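Protein chains: 2
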Amino acid sequence: MWPQTAITGLLNIKHPIIQAPMILQKPLAPLAITVSNAGGLGSLGCAEMTIEEVEKAVTTLRKNTDGPFNLNFFLHKEPGYNEQINRQMLEHLMPFYKKIGFTGIPDSRTSPLNVFNDEMLSLLLDLSPPVVSFHFGVPQPHVVKSLKQVGCFLMATATTVNEAKILDQAGIDAIIAQGWEAGGHRGSFETNYEEVGIGTLSLVPQVVDAVRVPVIAAGGIGDGRGIAAAFALGASGVSMGTAFLTCLETPITDQHRGALLNAKDEDTQLSRAFSGRPCRGKKNPYSETMINLHQPFTDFPTMYNFSGPLKKYGIDNNDLEYQFLLYGQSASLNRELNATALIEVLAEEALAIMRP
Amino acid sequence: MWPQTAITGLLNIKHPIIQAPMILQKPLAPLAITVSNAGGLGSLGCAEMTIEEVEKAVTTLRKNTDGPFNLNFFLHKEPGYNEQINRQMLEHLMPFYKKIGFTGIPDSRTSPLNVFNDEMLSLLLDLSPPVVSFHFGVPQPHVVKSLKQVGCFLMATATTVNEAKILDQAGIDAIIAQGWEAGGHRGSFETNYEEVGIGTLSLVPQVVDAVRVPVIAAGGIGDGRGIAAAFALGASGVSMGTAFLTCLETPITDQHRGALLNAKDEDTQLSRAFSGRPCRGKKNPYSETMINLHQPFTDFPTMYNFSGPLKKYGIDNNDLEYQFLLYGQSASLNRELNATALIEVLAEEALAIMRP
Numbered sequence: 009m010w011p012q013t014a015i016t017g018l019l020n021i022k023h024p025i026i027q028a029p030m031i032l033q034k035p036l037a038p039l040a041i042t043v044s045n046a047g048g049l050g051s052l053g054c055a056e057m058t059i060e061e062v063e064k065a066v067t068t069l070r071k072n073t074d075g076p077f078n079l080n081f082f083l084h085k086e087p088g089y090n091e092q093i094n095r096q097m098l099e100h101l102m103p104f105y106k107k108i109g110f111t112g113i114p115d116s117r118t119s120p121l122n123v124f125n126d127e128m129l130s131l132l133l134d135l136s137p138p139v140v141s142f143h144f145g146v147p148q149p150h151v152v153k154s155l156k157q158v159g160c161f162l163m164a165t166a167t168t169v170n171e172a173k174i175l176d177q178a179g180i181d182a183i184i185a186q187g188w189e190a191g192g193h194r195g196s197f198e199t200n201y202e203e204v205g206i207g208t209l210s211l212v213p214q215v216v217d218a219v220r221v222p223v224i225a226a227g228g229i230g231d232g233r234g235i236a237a238a239f240a241l242g243a244s245g246v247s248m249g250t251a252f253l254t255c256l257e258t259p260i261t262d263q264h265r266g267a268l269l270n271a272k273d274e275d276t277q278l279s280r281a282f283s284g285r286p287c288r289g290k291k292n293p294y295s296e297t298m299i300n301l302h303q304p305f306t307d308f309p310t311m312y313n314f315s316g317p318l319k320k321y322g323i324d325n326n327d328l329e330y331q332f333l334l335y336g337q338s339a340s341l342n343r344e345l346n347a348t349a350l351i352e353v354l355a356e357e358a359l360a361i362m363r364p
Numbered sequence: 009m010w011p012q013t014a015i016t017g018l019l020n021i022k023h024p025i026i027q028a029p030m031i032l033q034k035p036l037a038p039l040a041i042t043v044s045n046a047g048g049l050g051s052l053g054c055a056e057m058t059i060e061e062v063e064k065a066v067t068t069l070r071k072n073t074d075g076p077f078n079l080n081f082f083l084h085k086e087p088g089y090n091e092q093i094n095r096q097m098l099e100h101l102m103p104f105y106k107k108i109g110f111t112g113i114p115d116s117r118t119s120p121l122n123v124f125n126d127e128m129l130s131l132l133l134d135l136s137p138p139v140v141s142f143h144f145g146v147p148q149p150h151v152v153k154s155l156k157q158v159g160c161f162l163m164a165t166a167t168t169v170n171e172a173k174i175l176d177q178a179g180i181d182a183i184i185a186q187g188w189e190a191g192g193h194r195g196s197f198e199t200n201y202e203e204v205g206i207g208t209l210s211l212v213p214q215v216v217d218a219v220r221v222p223v224i225a226a227g228g229i230g231d232g233r234g235i236a237a238a239f240a241l242g243a244s245g246v247s248m249g250t251a252f253l254t255c256l257e258t259p260i261t262d263q264h265r266g267a268l269l270n271a272k273d274e275d276t277q278l279s280r281a282f283s284g285r286p287c288r289g290k291k292n293p294y295s296e297t298m299i300n301l302h303q304p305f306t307d308f309p310t311m312y313n314f315s316g317p318l319k320k321y322g323i324d325n326n327d328l329e330y331q332f333l334l335y336g337q338s339a340s341l342n343r344e345l346n347a348t349a350l351i352e353v354l355a356e357e358a359l360a361i362m363r364p
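Residue numbers (the working numbering), protein chains in the order written: chain H, 9 to 364; chain P, 9 to 364.
Hints listed in this document are in silico derivations from the structure and should not be mistaken for laboratory results.
A portion of the hints provided could be inaccurate.
Covered by chain P, according to a simulated footprint, are these stretches of chain H (three or more residues, beta-carbon under 8 angstroms) [said to hold, decoys possible]:
no., segment
1, 148–161
2, 181–193
3, 218–231
4, 236–249
5, 258–272
If you're wondering where the values come from, they're calculated on a predicted model, not measured in any experiment.
In this text, a Cβ means the ideal position worked out from N, Cα and C, and glycines have one as well.
Work out the full structure, taking the sequences as your base and the hints as a guide.
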């Protein structure tokens, strides 16, 4: 049915459509389950989860789907501490803190996200999830080796040809080529993303030519046209995040849903103002101010502690100006459907173009 | 043969492949002629030409091809003069001028490029070229009306959905949707391009949905895969610049050719350092320094007068550090062929994907 079965065959899925791992306020297991049951690959962003939470989530997934699923982890390092940068950051944030009446001091010493460690690896070796994926880097050799030994299929994100080659060399089974258009965090680990930013249409064929493993296209794919385009470029599958944000199963705020259903191509901006790493989302006065300062940001993920009070205020008060509404450049193509219907319509649209 | 004939039919060409207008040191008529004779649409960048030169070029084109061809014009305004910005610019340029031994003062009062005016329009009405295209804006109503009356097919560049809608409303016959990946000058006229930058894969379907006229995809299309992808996204044709730069007919410097044949995805940068408008080309110490200053640039096209001594030095001395090698993010896909062979191989590759 699909012209390229490198991904559907390896993952044992009907449609080569991966629901990209995302992290929202509420658990995304219901979305991932629906996607996996509909013949796609459901994913769970595990970066903010404890060992216990990951274990529980996998139990939930296995209870509700016989299909494969993907657990995603961040490969960031422990953040550095730079007093001067933190002080500058606070100075720039003060006017915003004032506006929302926040009088506390954010924690600049404690990282709000665990680093992927051997304890988590050990759990994964016990659970043996069908797919494990990584963002922000290359898993260490013992991680790759042991996960493959228990049968996990490994994926990781590249934003340049160089990063893709590094992941291929490291034994990753499929490379997610994430283009400039993508919403959320750039997976970059070897490049200054603000300076480079390769578009999906340009990145995918160059990565396909450079690596031995299947390539999954990500970034700006909003409907069946984007999927068919990704296949034309040589991809064996697609990873879509933004398109799934308006699924009926997706627990986003009303503001976020509203912004997506009224989105325009020019809405978004790539900024470190949210987490300390480049992340694409709807522009707001805070992100625009911070970008225009052209100053170094507090390290990822400590920067979350600095932006956190704004986000909390935005959500508590339904105030769009202070929420971080992450999405990509093709959000205007979003539809509000249940995830089963979305997977079906995406596959139909793509196949109609590919097999006219 | 091609699934979509909106462009091939309207332009009376065999392949919906437009050789994008470019401006190099030497005339590009031989390239445009070869492309038009091979069944594509050859283009001539006329922004730096006088009335007499355009007239002569059209005579040359008509003498050598029965196919249609495209004359491209810039729609910039007369540059403003800002003494403070010019003084800052000179200060930042001084270290570079010193390195190359340039001791003059660039002309900050005279624009090096003519603005498109009624005299040029009058010539075009006499010549009635098959296709006229515009960059950097919307032609005035009397320009659109009179050119259409003499049978010219009109195209213009949009980099956002909003720009595309404006061009559609203005009566343009086909919209060139130019994505972030494209080499050379962004055609933006209603957006702050540094902040937005929509990728081709994201831009094309959104523009297709927003306008009534055919859409031509541009930016990052390097081979048949990119062409097939553009069609999957809903485009009726493609505009390729970088891919034609290494044609045997293209008069580029040996350095430029060498850089293209060894290009990497991460080579390029969008910068105003060359002309005053955002323009994608190979990073060099000058463009990187200027970008990192985050300061306003002298207006387009007066900025050419400031960067000109560096470019001249770079070319005269075969010094890559001071040349402005314009190309897009997919230059690594470039091939060194004659233009006839390139058109044929591009069409074959694309059709093999589209009609497997």
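Hint-by-hint comparison with the structure:
Beta-carbon proximity to chain P at under 8 angstroms applies to 0 residues in the segment 148–161 of chain H; the threshold of 3 is not reached and the given coverage is violated. Coverage of the segment 181–193 of chain H by chain P holds [criterion: at least 3 residues with CB-CB distance below 8 angstroms; count 3]. With 5 residues having a Cβ less than 8 angstroms from any Cβ of chain P, the segment 218–231 of chain H passes the three-residue criterion, so the hint holds. With 7 residues having a beta carbon nearer than 8 angstroms to a beta carbon of chain P, the segment 236–249 of chain H meets the requirement of three or more and the stated coverage holds.
Counting residues of the segment 258–272 of chain H whose CB falls under 8 angstroms from any CB of chain P gives 1; the rule of at least 3 is not met.
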